[in-house]
Amino acid sequence: MICANGNGGLIEMENVAVHFPVRRSVIDSLRRAPRQTVRAVDGVDLVIGERETLGLVGESGSGKTTLARTLVRIYEPTAGQIRLKGQALAGYPRLGDNGLCRRIQMVFQDPYSSLNPRKTVGAALGEVLRFHRICADAEVSAEIARLLREVGLPESTAGRLPRSLSGGQRQRVGLARALAVRPAFIVLDEPVAALDVSIQAQILNLLKDLKEHAGVGMLLVAHELSVVRHMCDRVAVMYLGRIVEIGGTEAIFEAPQHPYTQSLLKAVPRLVPERRHRAAVLKGDIPSPLNIPSGCRFHPRCPKAQDICRRSEPPASVTAAGHLAACHFPG
Amino acid sequence: MPASVVERAASSPDILKIIGLTTEFRGRQTRIRANDDIHLSIRRGSTLGVVGESGSGKSVLCRSILRLLPPSANAYFKGAVEYEGRDLLGLDEAEMRRLRGTELRMIFQNPMTSLNPVWPIGDQITEGLRVFGGLSSRRAHDRGIEMLGRVGIPSPERRFDEYPFQWSGGMLQRAVIAMAMAGSPKLLFADEPTTALDVTIQDQILALLLELQERSGMTLVLVSHDLAVVAETCDRIAVMYAGRIVETAPTKSIFRSPRHPYTVGLLNSIPHLSKGASRLVPIPGQPPDLASLGPGCPFAPRCSYASADCSTSAIRLSEAGPDHLSACLHPERIEGVAA
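Residue numbers (this note's numbering), protein chains in the order written: chain B, 1 to 331; chain G, 332 to 670.
Just to be clear, a hint being listed does not mean it is correct.
Counterexamples of contact, computed for chain B against chain G with all Cβ distances above 10 Å [claimed, not checked]:
| # | residue |
| --- | --- |
| 1 | Cys135 |
| 2 | Pro183 |
| 3 | Ala320 |
With a straight-line cut-off of 27 Å between C-alpha atoms, the simulated DSS-like cross-links for lysine-lysine are [stated by the list, open to error]:
| # | chain 1 | residue 1 | chain 2 | residue 2 |
| --- | --- | --- | --- | --- |
| 4 | B | Lys85 | B | Lys266 |
| 5 | B | Lys266 | B | Lys304 |
| 6 | G | Lys517 | G | Lys606 |
| 7 | G | Lys348 | G | Lys517 |
| 8 | G | Lys583 | G | Lys348 |
| 9 | B | Lys211 | G | Lys606 |
| 10 | B | Lys283 | B | Lys266 |
| 11 | B | Lys211 | B | Lys85 |
| 12 | B | Lys266 | G | Lys583 |
| 13 | B | Lys283 | B | Lys304 |
| 14 | B | Lys266 | G | Lys606 |
| 15 | B | Lys208 | G | Lys606 |
No wet-lab data here; the hints were simulated from the structure. Bear in mind that the values here come from a model prediction, so they are computed numbers and not experimental data. No residue lacks a Cβ here, since even glycine has one placed at the ideal position from N, Cα and C.
Please take these sequences and the hints and turn them into a complete structure.
Dropping the structure here:
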C-alpha cells in the first residue's frame, strides 16, 4: 500500500512482517508437530509523511501494537524494510546524536507503569537531556521548565514524584519526555485509553497543539475510533496483520470501502439517546494469527463474502484518490 | 413479614428503592464517603445507566446494594435499600447469599475474575442451579447447555467442559452472562460489562444483554463510563460524581437538556465519531479527593457556573424539570451542550 500523502515519506515501510515463533512443548517436538508461527504483522506497506498524523485502528489481535513497537525497534521485522527519511532503520545506531532514540520516540498507554517511581519528574527529564546532550548542563533546568510548560504542567512539577501525580499529569510527563530529545516522529500507543473522559479531552487537545506546533510526524494507535477521527490526517485499518484499508480521515469515516471498516464503524455506539434495536454487526471473534484464513483474511466474518474471497487474497486497489482498500467487492 | 407488605411491594412500579444510602470506608485516620446520601428508585423492567468517572462511586453503589464489599474495606452503611419490600442492608448473610445466587445478579468488567481458571466453564455456570435451584446434576447440565446456546456459544455441548483459558474474552463474558441468567434473575447489575472488549465484541454483548432483557423482562442496571453505551441502551440515567448522584432523568432529557454542569462538561469533552476536528472542551482540574470534601458542591472547584455559595451550602437532588433531578444550586445558569 502506497503513500497517499504528496510531500514525501518520513517513515516508509515496505512489506514489513513481524512473526513470532511459538515454543513447542516437549511432547509436540517428540511428535514432530509442525512449528507454529504467530504472524502478528504480515506484509505491511505504509508511508507516513512529514508532520503527518496517521491513525492505526483495528481489533485487539490485529497487530497494530506490534507494528507500533517495531517502529521503535522493540521488535525487529522478520522481513521487509522500514526507512526513516530514506535511511533503513536497521542502519541507525540505537543511541548517539543521530540514533534511533533521538529520532523516533514512543508514548505508552499506561502512564502508571512507564515512569520510574523513584525519580522526580525533573530528574527523569534531566537524564534524557544530559544523556543525549540536548543542551548544555547549565541550561538543563531551564529546558525542563520549558518542556513542562509545553505540555501544560506547572514548573513545580519537576520536583514531584510520579505517585503524587494524576493519570493525566503522568501522561503529560510521558509526552514531555518524548519531546525532550526533539524527535522527528512519535509513536503513541493508546495514549488516552487509560484516562477518564474529562482528562482524556485535556490530553487530546494537548496532542493536537503539539501536532500543529512541534512539527513532528505521529502514529496514533487507538481502538477508540472517535479519538482517531478527532486527531488524525489519515487512517489505516488493520486486520490480522495486514492493512485492509487506508485513506484520508474524512474518506474513511464518511465513505469506508472495506466491509471490515464499515462493520467497525457501525459497531461503535452513538451518542444518540435512542434504544438500539439491531443485531450485532459482526459475528464471532477475530481469528487467531496462528491460523490465518485462506484468501481474504476477513472472509469468515464478512457479510459480502463470495467464492473468490475464500480462494484469493484481494490486492489493495485504489477506490478514490489516496484511498485504498483490499477487497474484491469494495464500496 | 406480613403478607400484605410483600404484596404491596410486588405491585409497586419500583423493584428497588435506595433511600439515603451512605457507604463510608473507615480507616485509622481517614473516612471516605464513597457513596453519600444516594436516593434512587429503579423501575421494574427498566434499564438504568449509571455513569461517572473512576472514583465516582458507581461500582461501590452496586457492591453496597449487593453487599459485596470485602470486610477489609471496613464499610459502614446508612440508609436503606428496599428490594421487594425488604431492606437488603438488614438481611442476614445466608439470605443475602441466596438472593445473590438467584434474583439479584451481578456481572463484572473482567470475566476472568469471576471465573475459576481451573474449573470447567459449564460446571461454573450450573453451580448456582445446583446449590440454590435444587436441580439435579443432570438437569443442571442440560440447563447449562441451553444457557450457553442462548448466549450464542457455538456447539455448547462440546464446549461445556472446556476451561476459561480456552475461550476468548468475548466468549467468557457470554459465559458470565449465561451464569447470571441461569437463575432467571429479576435484577441484573452489569458493571462495565464491555469495557475490556473490542467495539465489535462490545456490540455483540450489548445486543445480547438487551435481547435477554426483552425476553425475560428483568431489570438491568448498566454501569459504564461510556456515555454512548448508556445512550443507546438505557431508559434512564443517573450521573455520579464524587460519590453522589448529581443528576438523574430519562436518557433523552439527560442528552438533550442536561441540568447539571458536570453532565454538560462530560458531553462537551468527548470526541464525536460523526464530527471532525473541532476542539474539545475539557473539564478543567481533577476530580476531588473523597477524604477531604468540603460542605458544598463537590464539583464547584471545576465548575464554570459556580459562585461563592456553591462551596458552602449543602446541595441535594431537587426537581430541575419534569421527571428530572439535579444536584445543582443554580441549574438556571446552565447553557447546555455545545452543538
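Going down the list of hints, with the structure as the test:
1. Cys135: holds, 31 Å
2. Pro183: Holds: least Cβ distance 23 Å, greater than 10 Å.
3. Ala320: Nearest chain G Cβ is 18 Å from B/Ala320, so the label holds.
4. B/Lys85 <-> B/Lys266: violated, 37 Å
5. B/Lys266 <-> B/Lys304: At roughly 15 Å apart (the allowed maximum being 27 Å), B/Lys304 and B/Lys266 satisfy the hint.
6. G/Lys517 <-> G/Lys606: Since the Cα atoms of G/Lys517 and G/Lys606 sit roughly 39 Å apart, the hinted pair is violated (cutoff 27 Å).
7. G/Lys348 <-> G/Lys517: Status holds; Cα separation ~14 Å.
8. G/Lys583 <-> G/Lys348: holds, 22 Å
9. B/Lys211 <-> G/Lys606: Answer holds: B/Lys211 to G/Lys606 is near 19 Å, not above 27 Å.
10. B/Lys283 <-> B/Lys266: Measuring from Cα to Cα gives roughly 13 Å; hence the hint holds.
11. B/Lys211 <-> B/Lys85: holds, 19 Å
12. B/Lys266 <-> G/Lys583: holds, 21 Å
13. B/Lys283 <-> B/Lys304: OK: B/Lys283 and B/Lys304 at ~13 Å, within 27 Å.
14. B/Lys266 <-> G/Lys606: holds, 15 Å
15. B/Lys208 <-> G/Lys606: Holds - the C-alpha atoms of G/Lys606 and B/Lys208 are around 16 Å apart, at most 27 Å.
Checked against the numbered hints listed earlier, the structure breaks hints 4, 6; every other hint is satisfied.
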